[in-house]
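Residue numbers (this note's numbering), protein chains in the order written: chain A, 3 to 360; chain B, 3 to 360; chain C, 3 to 360.
By construction, these hints were calculated from the structure, which means they are not laboratory data. There's no promise every hint is true.
Copies of the same chain look alike in the list, so a pair counts if it fits in one copy or across any two.
Taking lysine-lysine and the DSBU-like style, the derived pairs with C-alpha atoms no more than 30 Å apart in a straight line are [said to hold, decoys possible]:
hint : residue 1 : residue 2
1    : K334      : K186
2    : K305      : K347
3    : K347      : K186
4    : K164      : K334
5    : K164      : K186
6    : K347      : K334
In case you want the letters, here they are:
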Amino acid sequence: MRGSPPGWDALSGYDQQRAVLAVPASHSALQLLRGALDEKVPAVLIATRSHYERIYSRFPWLYTRPVILDSWSELASRRVQQRLREMNAVLVPHGSLVEYLGWRRLLELEIPLLGNRYLLEIEADQHRKMSLLREAGIETPRTVTRPEEATGPVIVKLPGAKGGRGYRLATPETLPRVLEELEKLGYTREEIIVQEYLVGVRLYTHYFHSPIYGRVEIIGMDTRHESNIDGLARLPAALQQQLATEPTYTVVANTPIVARESLLATIISYGERFAEAVERETGHPPKGPYSLEGVVLEDLTYKIFEFSGRIVAGTNVYTGTGTPYTWLYWDKPVYMGRRIAMEFKQAKERHRLQDITT
Amino acid sequence: MRGSPPGWDALSGYDQQRAVLAVPASHSALQLLRGALDEKVPAVLIATRSHYERIYSRFPWLYTRPVILDSWSELASRRVQQRLREMNAVLVPHGSLVEYLGWRRLLELEIPLLGNRYLLEIEADQHRKMSLLREAGIETPRTVTRPEEATGPVIVKLPGAKGGRGYRLATPETLPRVLEELEKLGYTREEIIVQEYLVGVRLYTHYFHSPIYGRVEIIGMDTRHESNIDGLARLPAALQQQLATEPTYTVVANTPIVARESLLATIISYGERFAEAVERETGHPPKGPYSLEGVVLEDLTYKIFEFSGRIVAGTNVYTGTGTPYTWLYWDKPVYMGRRIAMEFKQAKERHRLQDITT
Amino acid sequence: MRGSPPGWDALSGYDQQRAVLAVPASHSALQLLRGALDEKVPAVLIATRSHYERIYSRFPWLYTRPVILDSWSELASRRVQQRLREMNAVLVPHGSLVEYLGWRRLLELEIPLLGNRYLLEIEADQHRKMSLLREAGIETPRTVTRPEEATGPVIVKLPGAKGGRGYRLATPETLPRVLEELEKLGYTREEIIVQEYLVGVRLYTHYFHSPIYGRVEIIGMDTRHESNIDGLARLPAALQQQLATEPTYTVVANTPIVARESLLATIISYGERFAEAVERETGHPPKGPYSLEGVVLEDLTYKIFEFSGRIVAGTNVYTGTGTPYTWLYWDKPVYMGRRIAMEFKQAKERHRLQDITT
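Can you make the complete structure from the sequences, with help from the hints?
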């Protein structure tokens, strides 16, 4: 796949000056729409009827028009793709869209995607994902390939981006049983990744690779609230043991966080090296938002256990106000949704949409 | 009480054009005053001498004038009420005022209250409170009516809004003893509510019911820091067990939090259904701020264990900057204090104060 | 030392109108530079080559020029001090600079320091530090002078500001062993302080003493994320015990937090009394930023276990946006870096740099 674009040119037939952002419902849609509004960039909302009625119909001023689908798979239909192409739409992919549509169908979509679509395939495979990080020279947790290699607590992760659902914590003792259970659920041993569980502060860093400005920007950081573990850890120890509930890691919410300034040396270096590794691996730089997700250990090492090749929902915590980092770059409140709209606007004006899409 | 307004018309004799906001000290007074200032709405501060000297005297530019009381009960006196009526004052009630004055005296105050005063009586009774939520079709934790029904950890809650003080965590084994202890302190079994303890992410959602705009807005979300449980949970397990300190839940501080966007479907629906249920139950909609307080479980169910029929202190985290949600509605930084002042200003100008007061 | 200024006049030969802020790299440098930019105050960055290349070279618009050092000790050289004096530079000290240069050399620097340099010596001694707090009438945790006095968990703190690194949690049983281990590492018993471990909500309050406005302002609050304890406490209790890892307290990141409004009575009083005690003790008020760091107990007592006589990194969480407290004072987004630049600008214009420096 290295460097091999699809057989078609996603932007062919597009009138760049009239291009619009196409924002799929859920995940980070509201800030993406708000960002487009801030920058006076036209944005269409793509939503299933249910999402539309329950959430987005409350905010009609945020999009120039809605494209209502009966189901997400309709987005892959010739008709809807044709309609979006007629609008000169550039689709902003996010984790929920990957989950709804599946990475294969998203990869094959004949609509230009903002960002690097070739990351979708890598992300779908937990092992390739970690390889890319290591190839970038980024510190990662140890991968446990055989249960007997586990020397402490491990986290067992399933394929795909499901917001942490189904992740399991295990010990060297319980790991064989956990793996067996997952195999019974139909997961193959190859799909699952077992990682050393890192004990420290969870830090999710948001980056933006700007082809227009020729740089990687730090947009912000968040930390996650996960269910049930947040509640479980807050029960007195004696009661936890009495309950014997297994911890689960469904991401429910996010909170702003700011790292010690000295960590920025590592954080900047990781962000830049990741962008370079992505370009080496796929033939394209990230072209927009991405995120490195990890834990800072007591010796201040930042170990990355996962990445997202697109906007992460943790950026939602800064909608409207900007972040302690974007204020270093800009004189107006910039959050990820707006940053994307800013880049899109400039690319449009300069006829450079090919530089921010794949 | 359904639909029965007090025998007097709270706004009778008022010159609506000259109406002022009356903001009681403590809780969320600073953001209420700041919000009024942003909107150029006149605001008087009502404070005891002690509150005034220790806090509000430092911010004289935030209010047009202070009304200093010797004690909170003075607010219920004919003299002070008369004085406030002469100012055309609309009182913004909050949890601390309920605690200082008692809900009965607040309910009977002959000053227009911003919001729905009839909720005060419902809120004073933990059982009616939960009924209203269930009547709205909102998911709630199971109420344990007899100790032997407890199958896991439970939380034992006392009547009134005291910021979590006195709440007790119990297990099926310790519950009878805890109830006995509370009875010895003078609480009746009817006043106390025992709820299934929910294990997940605590999410406090702030709403604003706008009679002027005819809609329910999401203002923001926070999560709470409680003492001693926050510190207790942060001790290593072995040490916790050695200490054997009982957890307590006094609310000390708040932090911003943002829910996964897909949860907004539930959050919006809860907010709207709550407003409808309040209107069915009391004859008036909420007319301003309220909050639903709950836990998001690992299956992403949002269970509400409590509500506040008024502004909650968790909204303080957004003073001045606006929230990731208000930026979806407005082109300026809007936080709860300012949102209230905006509604008040519009109601004044349109002679519609009756729509936002009771 | 009480009231004894150094033998030289730090501002002698300075052209106050042309004074610049000198901001040392790391810690809170980015917000200090951004604040200067907001206020159109000239600012030079002082950085080692490594800091410069890895972080600050990415933000060249934030400073008027960089002063690049081969090592931090160069800052104490006659040549660099001369160069800074020629620029009419006022140095903004912070915790990292104290760590890099050592408090003695910083204290002896012949460059005016923004703030009160005499606090450096007090802060270097954990016992004098606590005395100053007690002398101010601020509640503090009990100090354990002999191991046998410990009745519950204690925290063992090393001298100097190292962001919590090396702090140890101990019990009455483990304390003698922990002390022994530290003595073997070369620490004397006098350097170490053993404090009662406080169980509650950790609250770090940021203040600004303004000689220009003649008042103490609350700038904001944060809470800290520490490694490994944050991760350790999030492991199920059974697993924690199996791991038997000792907790560590390296500060990694910060999150915004807002205290209950009623706590402001204590918080304001502490801030003002601390400023007075500093003036009594050193002959100078704090003249700028400082911080009180403590725990709020379940009875809402705020006990302070540490202070910083300078800007703390927790203020970084508000860069650009302002805080829920600064919005009470100002009509523009003010964060600590900008607040410092505002005071500096006013002092320059009024020829009052001596009031904000030592």
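- Item | Alpha-carbon proximity between K347 and K334, which holds within one copy, between copies, both or neither at 30 Å | The answer is both: 16 Å in one copy and 23 Å across copies each meet 30 Å.
- Task: Up to 30 Å between alpha-carbons, please classify K347 paired with K186: within, between, both or neither.
- Result: neither (49 Å within a copy, 62 Å between copies)
- Classify it for me, K305 with K347: is the Cα-Cα distance of at most 30 Å met within a copy, between copies, both or neither? neither (35 Å within a copy, 42 Å between copies)
- If the cutoff is 30 Å on CA atoms, where do K164 and K334 land: within, between, both or neither? Let me know, please. neither (33 Å within a copy, 34 Å between copies)
- With identical chains treated as interchangeable, where does the CA-CA distance between K164 and K186 reach 30 Å or less: within a copy, between copies, both, or neither? within (19 Å within a copy, 50 Å between copies)
- Evaluate K334 and K186 at a C-alpha cut-off of 30 Å and name the case that applies: within, between, both or neither. neither (53 Å within a copy, 54 Å between copies)
Hint compliance for this structure: hints 1, 2, 3 and 4 are broken, all remaining hints hold.
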